[in-house]
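J.: Letter by letter, the sequence shown follows residues 82 to 353 in my numbering.
Heads up, a few of these hints could be off.
As the list claims (entries may be wrong) - Taking CB as the label site, the calculated pair distances span:
(1) G270 x A320: 41 to 47 angstroms
(2) V276 x A320: 38 to 44 angstroms
(3) A239 x G287: 38 to 44 angstroms
(4) G282 x R155: 54 to 60 angstroms
(5) R284 x A89: 20 to 26 angstroms
(6) R284 x R333: 17 to 23 angstroms
(7) A239 x P281: 18 to 24 angstroms
(8) P280 x P161: 42 to 48 angstroms
Just so you know, these hints were derived from the structure itself, not from any lab. Being a predicted model, the structure only gives us computed values, none of them experimental. Where a beta carbon is used, it is the ideal one built from N, C-alpha and C, also for glycine.
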Amino acid sequence: MARSRPTAPPVPPPAERARTLAGRAAHASLIGPDRPDGSGDLRAIPTLHHAPATGAATLQFPDDHALVRHVRERGDALLPVMLELGDVAPVTVRRPVRGLLWISGRLRLLPLRVARRAALRIAAEQPDERLLDVGHGASLLRLEPAMVVLSDAEGTEALAPTAVAAAAPDPVAATGDAWLAHLAAAHAGTLSALVPHLPPGLRGPGHRLAPLGVDRFGLRLRVETDEGGDHDVRLPFAAPLSCPGQLGEAVRALIGCGRPAPAVRPRRATGA
């Protein structure tokens, strides 16, 4: 008699995960086919980045940066580049990168008047005093997206920018990381109460448990073993959440179950 396989826990669709990652990625790096001086591949880190759902990222660099000069000299011949965005866990773990997003497209320099208007729009959404430097020693570059590639714990997906832009934002994305950090710092008892929901092989007394991610469908935990192995486990909520205020109740419901939560699926941890 064949055994039935447990149903995989639900996760947000790839476009939604890509949109969420773009909105909270703390690290950005621009990768190009060549350096302005022809000495090899280009890799530049902007002083500030803003990646909206459309993927049309805005990147700030000093006026005298070699990349800014290179893009200015090219004029209408836009520079083909790829923007790499890294999503890093809000808690201390051995491999903190939760996911990567690569946005391929072409780069252009925003004229000063357009750049100042863009800085005001970004400041309304993402206040940062560095935006005051636009027009005073700093320039804004705009990436016109052609393709998006997402790589996270759920797999790797190639997406059209329009699909990412059309995806609904996760309702707990804006406050999820702060909630995870608070859970790790102030609620060790809650984390301990989740141990019975882990696969038996990951319940060792010497293992370290950390809250790694959360979305409307569930909580993602990282288990670090004494042998150096890192494993990610997703615990599904009883029902999808519609607002951050439901997080506490959803976790209490997980803990209150008298048996392990269904459809727990362990994975090898991703990231560096």
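J.: How does the Cβ-Cβ distance of R284 and A89 compare with 20 to 26 angstroms: does it lie in that range?
T.: Holds, at about 21 angstroms.
J.: That 54 to 60 angstroms hint for G282 and R155 (C-beta), does it hold up?
T.: 55 angstroms, holds
J.: Within 38 to 44 angstroms: is that where the Cβ-Cβ distance between A239 and G287 falls?
T.: Check passed, 40 angstroms falls within 38 to 44 angstroms.
J.: Between R284 and R333, does the beta-carbon spacing fit 17 to 23 angstroms?
T.: 21 angstroms, holds
J.: Given the hint of 18 to 24 angstroms, is the C-beta distance from A239 to P281 inside that range or not?
T.: Violated, since A239 and P281 (Cβ atoms, about 36 angstroms apart) do not stay within the stated range.
J.: Are V276 and A320 spaced within 38 to 44 angstroms by their CB atoms?
T.: Once the Cβ atoms are compared, 23 angstroms apart, the range 38 to 44 angstroms for A320 and V276 is violated.
J.: Does the Cβ-Cβ separation between G270 and A320 fall within 41 to 47 angstroms?
T.: 25 angstroms, violated
J.: Okay, P280 versus P161 on CB: inside 42 to 48 angstroms?
T.: Given a distance of about 45 angstroms, which is inside 42 to 48 angstroms, the answer is holds.
Hints 1, 2, 7 from the earlier list are contradicted by this structure; the remaining hints agree with it.
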